[in-house]
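Those sequence lines, one after another, are chains G and E. According to the working numbering, the residues represented by the first sequence are 1 to 241, in order. According to the working numbering, the residues represented by the second sequence are 1 to 194, in order.
Errors might be hidden in some of the hints.
[Stated by the list, open to error] With a Cα cut of at most 20 angstroms, we get these calculated DMTMM-like pairs of lysine to aspartate or glutamate:
hint, chain 1, residue 1, chain 2, residue 2
1, E, 168, G, 58
2, E, 168, G, 211
3, E, 132, G, 211
[Said to hold, decoys possible] Not the full set, but computed from the structure, chain E residues with beta-carbon under 8 angstroms of chain G:
hint, residue
4, 109
5, 111
6, 117
7, 122
8, 126
9, 148
10, 150
11, 163
12, 165
13, 169
Everything labelled a hint here was simulated from the structure, so no lab data went into it. From the three backbone atoms N, C-alpha and C, an ideal C-beta is built for every residue, glycine too.
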Amino acid sequence: MSPAVELRQVSKVHGSGPTEVHALREVDLSVRSGELVAVMGPSGSGKSTLLTIAGTLEEPTSGDVIIAGHQLSRLSRNDRARLRRRSIGYVFQDFNLLAGLTAVENVSLPLELDGVRAKVAQAAAMEVLAKLGLAERATRYPDELSGGESQRVAIARAVVGERRLLLADEPTGALDSLSGEAVMRLLRLASRDGVAGVVVTHDAQLASWADRVVFLRDGRVVDQTAPSPGPESLLAPGAKR
Amino acid sequence: MSIRHALLALLSEGPKYGLQLRQEFESRTGEVWPLNVGQVYTTLQRLERDGLVESEGSGGAGPQNAFTITSTGSDELNVWLRTPPDVVPPPRDELVIKVLVAMRVPGVNLPDLLQAHRRHLVQAMQEYTHLKSDIAEGEVELSLVVDSELFRIEAIVRWLDTTEARLKRLPARTASQGPTATPRVHRKIAGVRR
Numbered sequence: 001m002s003p004a005v006e007l008r009q010v011s012k013v014h015g016s017g018p019t020e021v022h023a024l025r026e027v028d029l030s031v032r033s034g035e036l037v038a039v040m041g042p043s044g045s046g047k048s049t050l051l052t053i054a055g056t057l058e059e060p061t062s063g064d065v066i067i068a069g070h071q072l073s074r075l076s077r078n079d080r081a082r083l084r085r086r087s088i089g090y091v092f093q094d095f096n097l098l099a100g101l102t103a104v105e106n107v108s109l110p111l112e113l114d115g116v117r118a119k120v121a122q123a124a125a126m127e128v129l130a131k132l133g134l135a136e137r138a139t140r141y142p143d144e145l146s147g148g149e150s151q152r153v154a155i156a157r158a159v160v161g162e163r164r165l166l167l168a169d170e171p172t173g174a175l176d177s178l179s180g181e182a183v184m185r186l187l188r189l190a191s192r193d194g195v196a197g198v199v200v201t202h203d204a205q206l207a208s209w210a211d212r213v214v215f216l217r218d219g220r221v222v223d224q225t226a227p228s229p230g231p232e233s234l235l236a237p238g239a240k241r
Numbered sequence: 001m002s003i004r005h006a007l008l009a010l011l012s013e014g015p016k017y018g019l020q021l022r023q024e025f026e027s028r029t030g031e032v033w034p035l036n037v038g039q040v041y042t043t044l045q046r047l048e049r050d051g052l053v054e055s056e057g058s059g060g061a062g063p064q065n066a067f068t069i070t071s072t073g074s075d076e077l078n079v080w081l082r083t084p085p086d087v088v089p090p091p092r093d094e095l096v097i098k099v100l101v102a103m104r105v106p107g108v109n110l111p112d113l114l115q116a117h118r119r120h121l122v123q124a125m126q127e128y129t130h131l132k133s134d135i136a137e138g139e140v141e142l143s144l145v146v147d148s149e150l151f152r153i154e155a156i157v158r159w160l161d162t163t164e165a166r167l168k169r170l171p172a173r174t175a176s177q178g179p180t181a182t183p184r185v186h187r188k189i190a191g192v193r194r
């Protein structure tokens with residue numbers, strides 16, 4: 001099966017001449033369905049650029065982006081927009097919910113914009129909200145929700161419908177540690193359901209929820225963690241667990 | 001870790017037998033610190049010698065004897081619970097020493113060295129988080145132990161990040177140039193002599 005998203009030798013240069021900035025340099029990254037990958041690096045390492053390029057919001061200067069087998073550079077503008085609407089969900093640090101819509105309306109909006117009938121879209125939105133433990137908050141407006149609830153609504157919006165790629169930029173940055181943990185549990189749950197997830201962060205605790213952590217420095221992938229050997233290796237000899 | 005005070009804490013709930021104390025100690029600490037029964041009996045004997053517990057049986061620390069905390073034992077437990085643990089760092093933190101030494105070793109790529117340690121630590125955090133994600137809601141003791149390890153390791157990762165950022169700001173210099181500044185006075189940082 002082809003990866004959910006693949007970056008091949010992707011470079012991004014902002015500006016030109018003396019003001020030229022290399023945000024990404026020959027980045028290779030491949031994420032399969034069901035895998036949650038964290039991209040970790042300091043400010044200015046290129047994390048957010050990587051996410052916007054993987055999410056088709058920005059084009060690379062060179063290299064290829066392949067989403068669900070489609071090479072983006074070969075798609076028309078309209079096809080690319082359709083792929084973005086249908087296949088990719090975004091989660092941001094500040095939630096980005098529309099204040100005038102209820103939780104369920106926020107979640108159903110991307111489906112309705114894509115032409116799904118309102119009733120069908122709302123039913124799909126309710127189903128995702130219920131799965132994320134928010135059924136009773138569905139008719140609330142964003143200003144009536146806590147930070148943790150708002151981010152869960154944003155995750156619901158990101159995974160509703162046929163979305164197979166979830167991109168998150170510091171999704172727990174505005175939350176206390178237990179609300180942040182709840183959000184990461186949900187992202188992990190979504191990936192177990194077959195969604196490919198990419199989370200960019202500078203936070204090691206957040207990154208540690210991922211199956212694989214990729215380290216970015218000065219626009220380059222410099223390292224990554226090996227797949228987890230499982231928790232048994234942590235415990236002292238003789239420990240029961 | 002003080003097994004002595006952990007046993008006093010368990011006995012503060014009522015009289016208990018040695019084997020029972022061992023089982024309860026392990027379950028209360030999330031079963032991450034195994035304890036052998038010999039350690040339990042040796043500790044109980046010392047506690048009895050010091051007047052902090054009493055044995056209800058015929059003396060000695062056999063399995064047939066139940067132990068009770070004395071009022072001196074309760075006082076000792078309360079003082080221990082409220083005494084802050086020592087926050088002075090170990091005299092020579094191995095990772096700090098390695099990084100300081102590496103700064104003087106010709107040919108060492110410091111960002112790569114820091115990254116090798118960062119990867120190792122983040123991998124350990126992934127394992128703890130993996131463990132945490134499997135913990136049932138009721139197992140709060142194990143969650144607390146795992147959180148504590150995660151925060152401890154995270155602090156080291158943040159130190160590595162800060163170290164890398166500080167070194168990046170420095171003008172390039174070679175190992176042969178020696179230290180940037182010699183401390184004129186020997187200052188003490190948290191009990192560590194510079």
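Structure-based check of all given hints:
1. E:168 / G:58: Between residue 168 of chain E and residue 58 of chain G the Cα gap is close to 29 angstroms, so the pair fails against 20 angstroms, i.e. violated.
2. E:168 / G:211: 30 angstroms, violated
3. E:132 / G:211: The given pair, whose Cα atoms are some 14 angstroms apart, holds under the 20 angstroms limit.
4. 109: 11 angstroms, violated
5. 111: Hint holds; residue 111 of chain E Cβ to chain G Cβ min 7 angstroms, cut 8 angstroms.
6. 117: 11 angstroms, violated
7. 122: 5 angstroms, holds
8. 126: 5 angstroms, holds
9. 148: Since the shortest Cβ distance to chain G is 12 angstroms, the answer is violated.
10. 150: Since chain G brings a Cβ to about 6 angstroms from residue 150 of chain E, closer than 8 angstroms, the hint holds.
11. 163: 12 angstroms, violated
12. 165: Cβ of residue 165 of chain E sits 7 angstroms from chain G, so the hint holds.
13. 169: This hint is violated: residue 169 of chain E lies away from chain G, its Cβ roughly 12 angstroms from the closest one there, beyond 8 angstroms.
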